[in-house]
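*Asks:* Got chain L; can you put chain S on it based on the hints?
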Amino acid sequence: MADLSKVGTEYSPIIWEVERGKIRELAKAIGDPNPIYLDKEAAIAEGYKDTPAPPTFLVVPMMWCDKMPAIINDLKINFMMVLHGEEEYEYYQQIYPGDIITGTPRVINIEEKESKSGSKMDMVTLEVRYKNQMGEDVAKARSLIIERK
Amino acid sequence: MTQELFYEDIHVGDDMPELVKGPLQKLQHVMYAGASGDFNPLHTDDDFARAVGMKNGVIAHGMLIMGFVGQAITGWVPKKYLKKFGVRFSGMTKPGSTISITGKVLDKRVENGENIIFCEVVARDENEDVKIIGHFEASLPNRD
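Residue numbers (my numbering), protein chains in the order written: chain L, 1 to 149; chain S, 1 to 144.
Treat the hints with care, since some could be wrong.
[Unchecked claim] Dumping the calculated SDA-like pairs for lysine to any residue here, alpha-carbon to alpha-carbon at most 20 Å:
(1) L:120 - L:83
(2) S:55 - L:83
(3) S:84 - L:132
(4) L:49 - S:75
[As the list claims (entries may be wrong)] Rough simulated footprint, nothing fancy, chain L against chain S, three-plus residues with beta-carbon under 8 Å:
(5) 20-31
(6) 76-84
(7) 87-94
(8) 110-124
[Unchecked claim] Selected chain S positions facing chain L (in silico; Cβ < 10 Å):
(9) 6
(10) 34
(11) 35
(12) 36
(13) 37
(14) 40
(15) 52
(16) 135
(17) 136
(18) 137
In short, the hints are calculated from the structure, not lab data. By construction, the Cβ of each residue, glycine as well, lies at the ideal position given by its N, Cα and C atoms.
Next comes chain S alone, as it looks inside the complex:
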């Protein structure tokens, strides 16, 4: 169960609990293709991927990695409080990678009667290569 989270308990500079995913398997690309409907063979067919210039074969769907980041966020901030979530894809992810998702509270403010927290999230592989840099905003309740 996601713990209830109150505006008063969040401070600028707080870390989001880290989430570690992987090592990624090609089977997960197949599952994600079916779930999302993105059947680009770049993610599931090594021969195709090599033919379009990926020397080591298939790469993960960027949206799968964004899904990991979404898991990290809504494992901490209840989904119902999430207002905005955006990412920039900055690197390709190969099978076998282990992805760590970390985050930090950058700002908190009361805006139009809402308690907004603004956070940065980053997904990196085991070599510290950044795959995603993103941000999210959530509107949290008061403790009383």
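Pulled out of the complex, with its shape left as it was, chain L reads as follows:
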């Protein structure tokens, strides 16, 4: 059972320096051949400053900083029973190599729901707002995490 008293909790920030190689690695793992993610010159030719982060890049700071497991642990959720229900991003500007992004995770909502089959689930909504080294908003990520019981 997720700890319902944790709604509103804000966690210590994720701080992540964005590397060109990590952007390329994610594009390669997805199998996305779009040259804007792989080649700086190609990106510049299409109006970018450098290779931009792909749309799902914010998974990288979240997972590599071990933040998601730490939050799941703090919420007293059984990691073995976790499903990823939804993921949503709002983009305010591009994320480029050399940017240092700081994300502040916050628990937005926790509720219990019953599935069609009658089993109970806890639904946890987590939001992370990311700023860059200039203090500008770059993106917002929202994740729905489901704990099966």
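*Replies:* Same frame as chain L, but now just chain S:
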């Protein structure tokens, strides 16, 4: 190169170009684990996956499938115009699956001086089982 896309050229009901990915290999799960930092063994270790109830072994990271959808979107709409992108994960994906990503323009509107298109995206496997249903919004330039 992603073709430039103008607001005037998009109509409600237009289809996004389909993208077909796969068949998925376990090696890709390993690559995605390393790239994303998500090392949950459910995606890379068949023995572990079976022990937690996955009869056929490992399943793909949901975020990998979302990555495919992101590839489909930014292969059509330049990344710099993408404003919002959200998905619901509705099914697990096994190795060997072939994933097709399709999309459709549901709405277009001018809002606060921006030319917004709102689209639905769906990822399905070769059996038409839905893996992801999502939406995105992009802000497109005018032709002139």
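*Asks:* For each hint, tell me whether it holds in the structure or not.
*Replies:* Each hint tested on the structure:
Note on residue 120 (chain L) and residue 83 (chain L): the hinted pairing holds, with a Cα-Cα distance of about 13 Å set against a maximum of 20 Å. Between the alpha carbons of residue 55 (chain S) and residue 83 (chain L) the distance comes to roughly 17 Å, so the proposed pair stays at or under 20 Å and holds. Annotation: proposed proximity of residue 84 (chain S) to residue 132 (chain L) holds, straight-line Cα distance about 18 Å (limit 20 Å). Straight-line distance between C-alpha atoms of residue 49 (chain L) and residue 75 (chain S) comes to about 19 Å, which keeps the hinted pair within the 20 Å bound.
Coverage of the region 20-31 of chain S by chain L holds. Counting CB-CB distances below 8 Å, 3 residues qualify, and the rule asks for three or more. Restraint check on the region 76-84 of chain S versus chain L: 6 residues with Cβ-Cβ distances below 8 Å, three needed, restraint holds. Note: the region 87-94 of chain S has 3 residues with beta-carbon separation from chain L under 8 Å; the three-residue rule is met and the coverage holds. With a cut-off of 8 Å between beta carbons, the region 110-124 of chain S has 0 residues touching chain L; three or more are needed, and the interface restraint is violated.
At about 14 Å, the closest approach between the beta carbon of residue 6 (chain S) and any beta carbon in chain L exceeds 10 Å, and the interface hint on this residue is violated. The closest approach between the C-beta of residue 34 (chain S) and any C-beta of chain L is roughly 7 Å, which is under the 10 Å cut-off, so the hint is satisfied. A distance limit of 10 Å between C-beta atoms decides the matter here; for residue 35 (chain S) the minimum to chain L is near 4 Å, and the interface restraint holds. Interface restraint check for residue 36 (chain S): the shortest CB-CB distance to chain L comes to about 5 Å, inside 10 Å, so the restraint holds.
Look at residue 37 (chain S): its Cβ gets to within about 3 Å of chain L, closer than 10 Å, so that hint holds up. At its closest, the beta carbon of residue 40 (chain S) sits 8 Å from a beta carbon of chain L; the interface hint therefore holds under the 10 Å criterion. At about 6 Å, the closest approach between the beta carbon of residue 52 (chain S) and any beta carbon in chain L falls short of 10 Å, and the interface hint on this residue holds. Among the interface hints, the one on residue 135 (chain S) holds; its C-beta lies about 9 Å from the nearest C-beta in chain L, closer than the 10 Å criterion.
Interface restraint check: residue 136 (chain S) against chain L, minimum CB-CB distance 8 Å, threshold 10 Å, status holds. Residue-level restraint check for residue 137 (chain S) holds (minimum Cβ-Cβ distance to chain L is 9 Å; threshold 10 Å).
The structure shown violates the earlier hints numbered 8, 9.
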